[in-house]
Structure formats: structure tokens, C-alpha cells
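Trainee: Chain by chain, the residues run as shown.
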Amino acid sequence: MTTKKKSFPMQRKSKRKIVLFVALLVLLSAFVGYRMWNKPHRDVKDAIAMKVNAAELYKILSEKNSPDKSAFNNQVLVVSGTVKQVLQNHQKQQVILLKTNIEEGAVNCTMEENFENVKTGDSVSIKGICIGYNAGDFDLPGDVFLIRCYHGD
Amino acid sequence: MAIKMKIMNIRNAVLVLFIFSVKPTFLAAQVYFTKNGSVSFFSKTILENITATNNETISVLNIQTGEMQFSLLNNGFHFPKAKMEEDFNEDYMESARFPRSTFKGIISGINKIDFANDGTWPVTVIGDLQVHGITKQISVPGKIVIKNGKINATATFSVLLKDYSIKIPSIVSNKVSEKIDISVNCLYQKK
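Each protein sequence line maps, in turn, to chains A and B. Be aware that the first sequence starts at 1, since it is given in the working numbering, and climbs by one per residue. Be aware that the second sequence starts at 1, since it is given in the working numbering, and climbs by one per residue.
Simulated from the structure, these hints should not be mistaken for laboratory data. Treat the hints with care, since some could be wrong.
As the list claims (entries may be wrong) - Which residues of chain B face chain A? A partial, calculated answer using Cβ under 8 Å: (1) Asn75; (2) Lys83; (3) Arg100.
Each residue gets a CB set at the ideal place from its N, CA and C atoms; glycine is no exception.
Start from the sequences, fold in the hints, and give me the full structure.
Mentor: In C-alpha cells form, the structure reads like this:
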């Protein structure tokens, strides 16, 4: 009799502990899931970045068998060069083309923040994520593309 | 007689040289391009609407032959959430394995379009869309607008993820639509 009376509250206590543990686990998973789902984009502005010259970057990424591509693709880079042209894309973002050694090829930078007073012929540094070289298979030299760009100084 | 033949040969050689020097310029004038065209996609479900845009799309348009080509780097799509972008590149598009999506097609009835004057022309483009390493022929209704000598091409169409072997994990299947709406907007400049 005495044993029965003692074991009943013990069982309830351990049950409560399990429920509490499961609830905590669910809450923690929900919190982690929420944080992961809403994690911010890569901080390009304050990222530590490799510095490279526009012509050099273009040469490395446009050559088919260049072994160094992975060091630049999907990385935040600071690219220095001479402004070839300043454009605006469909979403009214500023696009700055940096000269390379190829006449119709450029380092094509889509700006997240406008580069004030920039004009053709200026020497500039632009910081952004390098997504790679693209030319398709057209009879037209491709560009190296940098996205989410800022003033590189 | 021999002198006459020599003159004839020289004349022919000059003519051939002239034709070859003029031809590339003539062809180049028919080709328009952009390297900052825009391609967006939209997935709509009851739980979530997802939209992403790539503003670094290369496109070439030959107004004489009607040939139209597009190429974009998949990792250039920008999503509102970083996790969506990560899942898109790593799990769905496998961007490291299939870095590009391309389209090569022909605008039917290109000769009817008057590129010299302002106007809006509904068109149909038929061609091969390559996504996730799979190529399918599609027919896309679009519009060509000519304004102040500039050519703008737009199109909206839908694709099914299963046609391109893009698998969505069951845990998020109610958040990503099986049918994706794609819109294209390119403003061309002369090559």
C-alpha cells in the first residue's frame, strides 16, 4: 500500500519532466528554424575581401582551363579598374562596367548603393560578390559579373 | 588580250575584297545585345510567395534572322531571404553542377516587324530552354517594343519544375509551387 502511494507522485513528476523537456525541445527547434529561415544576407559592405585588378580577374575567369577560378567565384572581392561605362538596369540600379584587356568584355558591377559622381575614365574600386564569368555561346565576349556592389574604398 | 584578262582579274579581286570588307559591318548592324537583362521568377502557394530576380542576363537578338539567345548564371538570382537563395543554389538548381540556364530560339515573323519606327509588336518565340541540365522546347508569347530607336523585349511564361527534374523536398513542398512563372525584360543596344 505504502509503495503504491509513493510511486504515483513520482510517475507524475517524471511525466511532467518529459512533457517540459519535449516542449522545450519543440520551442528550441522552432527558434533555431526561425533564425535559420530569417538569417540575413551576406554582409558585403563589411566583409573581408580579396583585392584584384579588373583586367587580371577577367583574364583568370574567362580562360576555360584556369585553375584559380574557385578563389574568386562566389567570393566578396574588391575590384579596381577604369570605368568603361555607367548604365542603369531594368530595376533602376546603377551598373558600372570596368575596362579589361578585351574590347567588348568588362567587369560588370550591379550596385547596391549608387556610386556618386562616377563617370567614364575614372579609376575606382568596387566591392561585391563575384558570381563568375558568363558569355553563353554567343559571338560576343562575355563579362565577369559582380553583384550587390558598394564603393570599394 | 592578256592585258584585258589581267585587268579583269584585278577588278574581280577588288570586288571580292570589297564584299568581304563590307559583309561583317552589314551583319553587325543587325545584332543587338544586353548583358544586364532581367529574368524574374515567381512561385505562389497558400503559405508563401517567393520571387527572385537576376539582373545580369546576357541576351543577343538578330533582327534580320529573328535569332534570340539568353544566358544567365543561376547564382545571380537574388531572393528576399538568404536561406531561400542558399536552398535554391544548393538543393534545387544545384548551381555548382549546372551554373547556367540558357534559351536559344527564333522569333517567328521577324520580317513583319518595323524596327525603324516606334511600335509594339506581339511575337512568339520558339526555342530550347535549358535549365538544371535539361533541355526542353518551349513556345513563348512575348512583346517587342521599339521606342526612340531602342528595342525592348518582354515575355511571361510558365514552366513545371518536374519538366527540369527539380525536386522539392516534401518538408517544404507546400511552400514552393510546382508551376513557376517566369518574366523576362531586356533592353537591347546595337552591337
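Trainee: None of the hints should be skipped; say for each whether it holds.
Mentor: Each hint tested on the structure:
no., hint, verdict
1, Asn75, "holds (5 Å)"
2, Lys83, "holds (5 Å)"
3, Arg100, "holds (7 Å)"
Of the numbered hints given earlier, the model fails none.
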